[in-house]
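The listed protein sequences derive, respectively, from chains A and B.
Quick note on our numbering: the first sequence kicks off at 4 and runs consecutively.
Quick note on our numbering: the second sequence kicks off at 59 and runs consecutively.
Keep in mind that the hints were calculated from the coordinates and are not lab data.
The model shown is predicted, which means the values in this text are computed figures rather than measured ones.
All C-beta atoms, glycine included, are put in the ideal place defined by N, C-alpha and C.
Mixed in with the good hints, there may be bad ones.
Stretch-level coverage of chain A by chain B, calculated; a stretch enters the list once three of its residues show a Cβ under 8 Å from a Cβ in chain B [as the list claims (entries may be wrong)]: (1) 40-54; (2) 104-116.
Cβ-Cβ distance ranges computed for the label pairs, FRET-style [what the hints assert, rightly or not]: (3) L80(B) with I63(A): 27 to 33 Å; (4) K67(B) with V14(A): 27 to 33 Å; (5) M85(B) with S6(A): 24 to 30 Å; (6) E67(A) with R102(B): 24 to 30 Å.
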Amino acid sequence: AQSVSQHNHHVILSEAASLELGCNYSYGGTVNLFWYVQYPGQHLQLLLKYFSGDPLVKGIKGFEAEFIKSKFSFNLRKPSVQWSDTAEYFCAVTRGSTLGRLYFGRGTQLTVWP
Amino acid sequence: NAGVTQTPKFRVLKTGQSMTLLCAQDMNHEYMYWYRQDPGMGLRLIHYSVGEGTTAKGEVPDGYNVSRLKKQNFLLGLESAAPSQTSVYFCASSRDSAPYNEQFFGPGTRLTVL
Chain A
4 AQSVSQHNHH
14 VILSEAASLE
24 LGCNYSYGGT
34 VNLFWYVQYP
44 GQHLQLLLKY
54 FSGDPLVKGI
64 KGFEAEFIKS
74 KFSFNLRKPS
84 VQWSDTAEYF
94 CAVTRGSTLG
104 RLYFGRGTQL
114 TVWP
Chain B
59 NAGVTQTPKF
69 RVLKTGQSMT
79 LLCAQDMNHE
89 YMYWYRQDPG
99 MGLRLIHYSV
109 GEGTTAKGEV
119 PDGYNVSRLK
129 KQNFLLGLES
139 AAPSQTSVYF
149 CASSRDSAPY
159 NEQFFGPGTR
169 LTVL
């Protein structure tokens, strides 16, 4: 069973539209949460991460994500997307008991039309 | 500082052939990982290493072997390639076992098995 779920497989937006990509996980206990981005033809890069403190985290390029523990969610948001945000976005989780191992969601392909 | 590098970038094999993928990192990281990325599946962990001379199985280890003879290198071997191993392979490294640590990814190796 998929333990990190990304419900949107492909999202298509126009420039300046707002973005929200969903991520839910099914692990109990302590988790650390990540969003990675993969631009076309490139390797994965970290957008942002949460491990403690303020549940609203800000990352690079205007992205932010909110950790809602009661909903087991870590949704990624951006108020106004750009054509250059076209990429695949992966949510990932590490669990306190499995040192360093990342569990990835299946990814969401975002296409932004100019 | 090159980060994580992978060799080769592309490879085509025939069923039954063997090959080794090389991953190198220059960040003095303890942990290294091999993932495969398949469409709609996200990244799945094949094997990982928690330090020089140690390796462990991940989610999908069958058909692969690994070795970590030097801290900076992590090799992934396919002894007898199968079409099901057609995939993009990513290597990653992280500083230590802390689960909130970012993993740094290489550019990937696209492998096709005919």
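Here is how each hint holds up against the structure:
1. Restraint check on the stretch 40-54 of chain A versus chain B: 7 residues with Cβ-Cβ distances below 8 Å, three needed, restraint holds.
2. Beta-carbon proximity to chain B at under 8 Å applies to 6 residues in the stretch 104-116 of chain A; the threshold of 3 is reached and the given coverage holds.
3. At roughly 29 Å, the beta-carbon separation of L80(B) and I63(A) lies within the given 27 to 33 Å, and the hint holds.
4. Distance hint check for K67(B) and V14(A): the Cβ-Cβ separation is about 29 Å, which falls inside the suggested range of 27 to 33 Å.
5. Range check, M85(B) to S6(A): about 28 Å between beta-carbon atoms, so the 24 to 30 Å window is met.
6. With their beta carbons about 28 Å apart, E67(A) and R102(B) fall inside the hinted range of 24 to 30 Å.
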